[in-house]
Each structure stands twice: as structure tokens, then as C-alpha cells.
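Enquirer: So you can see what is in the structure, the chains are spelled out below.
Number of protein chains: 2
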Amino acid sequence: MKKIINSVTDVEEEMIEGFVLANGRQVRRLGNSNIILRRNLNPNKVALLIGGGSGHEPAHLGYVGYGMLDCAVCGSIFTSPTPADFLKAIETVNNDKGVLCIIKNYSGDLMSSEMAMERAGSQGIKVDRVVVSDDVATIDSEIGRRGVAGTLLVYKIAGAAAEAGLDLATVKSLTLKTIDNVCSMGMAISPCTIPASGIASFELGEQEMELGIGIHGEPGISREKLTTASDIVEKMLKQILNNLDCTDREVVVMVNGMGATPLMELLIVNKFVNEKLTNNSIKVYDSMVGNYMTSIEMGGFSLTLLRLDEELKSYYDAAADTFALKKWKQE
Amino acid sequence: MKKIINSVTDVEEEMIEGFVLANGRQVRRLGNSNIILRRNLNPNKVALLIGGGSGHEPAHLGYVGYGMLDCAVCGSIFTSPTPADFLKAIETVNNDKGVLCIIKNYSGDLMSSEMAMERAGSQGIKVDRVVVSDDVATIDSEIGRRGVAGTLLVYKIAGAAAEAGLDLATVKSLTLKTIDNVCSMGMAISPCTIPASGIASFELGEQEMELGIGIHGEPGISREKLTTASDIVEKMLKQILNNLDCTDREVVVMVNGMGATPLMELLIVNKFVNEKLTNNSIKVYDSMVGNYMTSIEMGGFSLTLLRLDEELKSYYDAAADTFALKKWKQE
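Protein sequences appear in the order of chains S and C.
Using this note's numbering, you'd call the opening residue of the first sequence number 1 and step up by one each time.
Using this note's numbering, you'd call the opening residue of the second sequence number 332 and step up by one each time.
One or more of the hints may lead you astray.
[To be verified] Covered stretches of chain C (chain S as the covering partner; in silico rule of three or more C-beta atoms under 8 Å from a C-beta of chain S):
id	stretch
1	446-456
2	593-601
[As the list claims (entries may be wrong)] Pairs of lysine to aspartate or glutamate residues, derived as EDC-like cross-links and limited to a Cα-Cα distance of at most 16 Å, are as follows:
id	chain 1	residue 1	chain 2	residue 2
3	C	K657	S	D321
4	C	K607	S	D321
5	S	K326	C	D652
6	C	K607	C	E581
Honestly, the hints are just simulated from the structure, not real lab data.
C-beta atoms are modelled at their ideal positions from N, C-alpha and C, and glycine is treated no differently.
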């Protein structure tokens, strides 16, 4: 394991300190907790709160700010936050418009947030939850589809809806609509290593790739010979489009690096995604290419499609000003 | 060599196509050339043009857009653009206000741009040049300090000055002032591989790091035992501050990933940079943390300081809207 860190026990703490120092204009930390808050909480909008393990930077703390999230509750690397931290966060962002928690579909995140929501509810706090499950690779598993990089597009739409002043029920319903229209799949050519364990998540040969990997280093659904960028895109798009029919529709494409993949390769992937979608009578409204939700230093990428209609498009286009995603205000 | 590409000969072409597809709102490509232009060239401002090898994405093409560059001339990976491409670019962006070329201090870039400028000058085009040389690691070498990630801050200041409508001489003088106030140093824990060669730029043992590396995989000035993030920052800051006295001044910090370094580690580095500067009576005005100028998939980071005064600060704060750097318009 070769990492630029101090000690494996201080990684999360020092990363959070470094993040707040890089982004003090937008965010603050709640005491010494792992809870990142928007610096100017607006009591007249639905508060959006997410919680999840660390190791996916810039997700999730990098999306706290104008037009996106109000709060990120950070667990340890690949570990759910505690119910106590979730509760503290809900209590802090709570206002008369209510709180919406956006949770990725993992049992730990579900359990912690549910316990916290019950406690908050018994205090009279108006709090609700949506669960993101965009990963087609795990469609047949017991827990169902995992939440992966598509979650970020859910933050974007939900954030714009909340910023527009909509009520909790309406923000929730728009968020669920987004979840119904987003679909992802990931692949890796090299593993990640959790600092505390020092053990690589999986091993791959020089000519091997893994399709359908998760964002916590979960192995994929098939191990295959590493092929061309064009062929890899073809395989992944087929799975996604089988689950989300986009024919004659407009989509947002997200090509997301897993942490160690150079932008050069992500851009090459984007070319083939755009071309193949166009050949399938699917119109690309926008392409996002970069490291949006990573797995520490995993090599590989995930591909996400968000199927648009005019309503989703207007919230997608809305202004945002966060560490990891900025959209200019329209003139 | 494990890369997500199609063929080693198509990397640059397919990357440029993927980039334009991801960023069609801001940029266009000049015919089938490797010249990326701002979609709406403004004839009433000094045109800013940069040229350099590929392999540093998002540099340089990712900085074409409002508030930064008008044109990026892309060479092959780690290879200078041809004089002919430089000339074509100068002719295309040329207007009555003139053209300023921002070149990093490498002999190929210097020679190509000089030949093109001579030809352009003989056509009556008003064109001038500045050379960025921010890398303290090569202060004692024959060609002098190389241009590395600090170049991006030069784009930012020059771009804002040009956008403000200043004349060529004033934009040039502000750009030279920026160059005088910016200083960088890099380090690596793993090499990069040029696709066409397939050979890693250097080899490092499991416990080794290289200090003072260049952005083309050039080996560093010392090979040492990999130590803690805090110690690495201490060593690099010492070199930088020996060359750029920042005592009692304000600085912009840039912690730049070399391509394969997880954001988690860059944030940890940022914590120590901020703390050590503060302990040295240096005030951090802003911290930029991310992949700004990479070396394909090299592991490591570079550290840049920009020493501010009120003039530089105002241009640093100005709005920008590019693929890789966005700053909101102030309300």
C-alpha cells in the first residue's frame, strides 16, 4: 500500500480538516464531528441531508453548498455513519419546511438513517427519506440495486427543487422521479485499498478487467479480458439501456472516474458513449466527465445515464455552487 | 501498461473528440486540427493562446472559456505542437487588440511558438509572448525553471485581465507579475506511461518517493524514503518559500494531483500546507485542491503558491466559466 497520508487512523479526520480549509466559504464543520454543513443554512427551504461512508471523495461532502446539499454526514471509509451522527445532523438542519435524507441503498446506511429518523420523528421533526439504487450490476441481488454515482444527479435535481422553495412532499416526489430515471454501471482495471486494512479490494491480472464493480471495492459480476474503450462502453451501455429505455429521449451522460483513472481515458470513453447513444437515436443533452464519486484510488470508471424530460432538465440546469460541482447562474 | 483506450495511435484524437463532446457549449475545434477555440471569440479583448503537449488534462484545453483562455494548441502527448499549428491558431484568434501566447519553459514549446510568432509578425499580426517557469526543482538546470502547475494560475490572472478589456501591454505586464509571484514543486510515488512507448517514466520501490519530478515524467532531484504527508509538505514548502518569500503576505495554495492520486490524499496534504503556512505567518487566501495539471496517471502531487497583492487578488477572484475551473460571478 503506497499512500500519501500520515497514519491510517487519522485519514478521515485529516481529510475533513483539509476539506474545510479548502472550502471554508461554503461549508463549516459541526464542532469536532464528521458532519459538514452549508455555512449559511436557509431555514426557508427543505433541508437536504445525505449520509454515507467516506472514500468516495468528492462525494459526498464536496456537494454541500448552494443548489445542492445542506449537510453531509461522513462515516469512516466505506462505513456507514452512526445513528447518533445522523440524528445530530437532522436536528441541526431541521426547519419548518422539513428534512429530506438521501440514502444510497446499503443496509448499514439504511439502518442508521432509519434509527435516527425514528428518534427525530418522536421529537416532532418533519423528516423523510429516499433511497437511491441506480446500479444495474446488482439488480438480481438480495438487497437490490446499489446506490452509486447516479446519486450525484439525484442530489443535483433534489437540490435545485429544494432551492426553488418547493415543499417536502414535492421535493421528495421529484427526487423519486429522478431515481426512477437514473441508471449506472461500473468497471475497474485496478483495485482500491482501505488504509486501515492495507489489503487490496481484489486482484486483477495485467490483461483483466472487472465489470459491474461496486464503489466499495465490491468485486464485479464478470471478469473479462481487458478490451478496447469502445467495446467496454458497448457492454456497459447495453446493460444500462436494457434497464432504462432511452430511445428517442434526451439524456445526461456521466463518465465518472473511480479515483486513479486519468481524465484522458475518461474523455476517450465519453466519445464512444456519445457516439453509441447517437447511433441508438438517443440525444445527449449534456456530458459530465470527471471524478464525481470515487473508490479511493481504484482504476476504472462508471457510466450513468439520466433520462430527461422538461421538468428534470430545468432542475438539472439550475445554478449550483459547490466544491465539486458548479453551474453558473443563467444570465 | 493498463489503460482504457482503443489504440495507442488514436489517444490524442479520441481524447479531443471526447472533450469537445463534453464541452460543446464553451468550445469548438478548428476543423480537424488539434486546436481548441472558445466558441464565441470576443474580438474586443486581447486573445490568450497557449500551446503545449497533451497528457496534462484538464490542462490545457480544459481552461478555454470565459475568463481564461481563447485557444489551446494541443501537441501529442508530452510533445510540443508544431510551428504550423501555433501559426494557424494565432491567425485564427488574432484581432485588433492583439494576441498573447503563454508558453511553459520547455525548449520545444519555446522554439515552435517563436517560429510561429515570427511568421505572424511578418503578416502584421500583433503578437507577444510570456514564458512561465514556476518549478523550483529545476532552478539550477541549464534551461532554468520549468513551467508546471503554476501556469494555471497565470492563465487565471491573464484571462481576467484580458476579459476586463485591458490592452496587450498591460495584460502582458500583469501576466509577468503573476509569473514573478508563483512557485511550485512536485513529487511522485508512482510513474506515468506514455501510451505510444508503453514504458514507465521511472521506477520506484514500494517505500520510495521522488521529490522534484516534472510533469512529463522527468525524474526528480532526490529519491527518498516515502514519509508522512506532513513531512513531505514540510520539505516541499521549504524549497518553495526559499525561492518566494511570503512572510506576512497572503497566498493562494494549489494542491494539484498528478493524475492517479485520490482526492482524499490531496485534502490531507492541504491540511498540512494550510497549517504550516499559518505557522509561518503566511495567510492562506484560498486553497485549490484537485487535478489541475496532471501527468497522465502519475501518482503524486505538486504544490504551488501564488503570492498575492490587492491587484492580483482582484483578478484571481474574477468570474471564470471553463470545463476545469469555474468561479461564480459575484452578485
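Enquirer: A separate judgement is required for each hint: does it hold in the structure or not?
Expert: Evaluated hints:
1. Look at the stretch 446-456 of chain C against chain S: 0 of its residues bring a Cβ nearer than 8 Å to a Cβ of that chain, fewer than three, so the hint is violated.
2. Counting residues of the stretch 593-601 of chain C whose C-beta sits closer than 8 Å to any C-beta of chain S gives 9, which meets the bar of three, so the coverage hint holds.
3. For the proposed pair K657(C) and D321(S), the alpha carbon gap of about 9 Å is at most 16 Å, so the pair holds.
4. Between K607(C) and D321(S) the CA atoms are separated by roughly 28 Å; this puts the pair beyond 16 Å, and the hint is violated.
5. Our distance criterion of 16 Å between C-alpha atoms is met by K326(S) and D652(C), whose separation comes to about 9 Å.
6. Of the pairs offered as hints, the one joining K607(C) and E581(C) holds, with about 14 Å between alpha carbons and a cut-off of 16 Å not exceeded.
Going down the numbered hints, you'll see the structure goes against 1 and 4, while the others check out.
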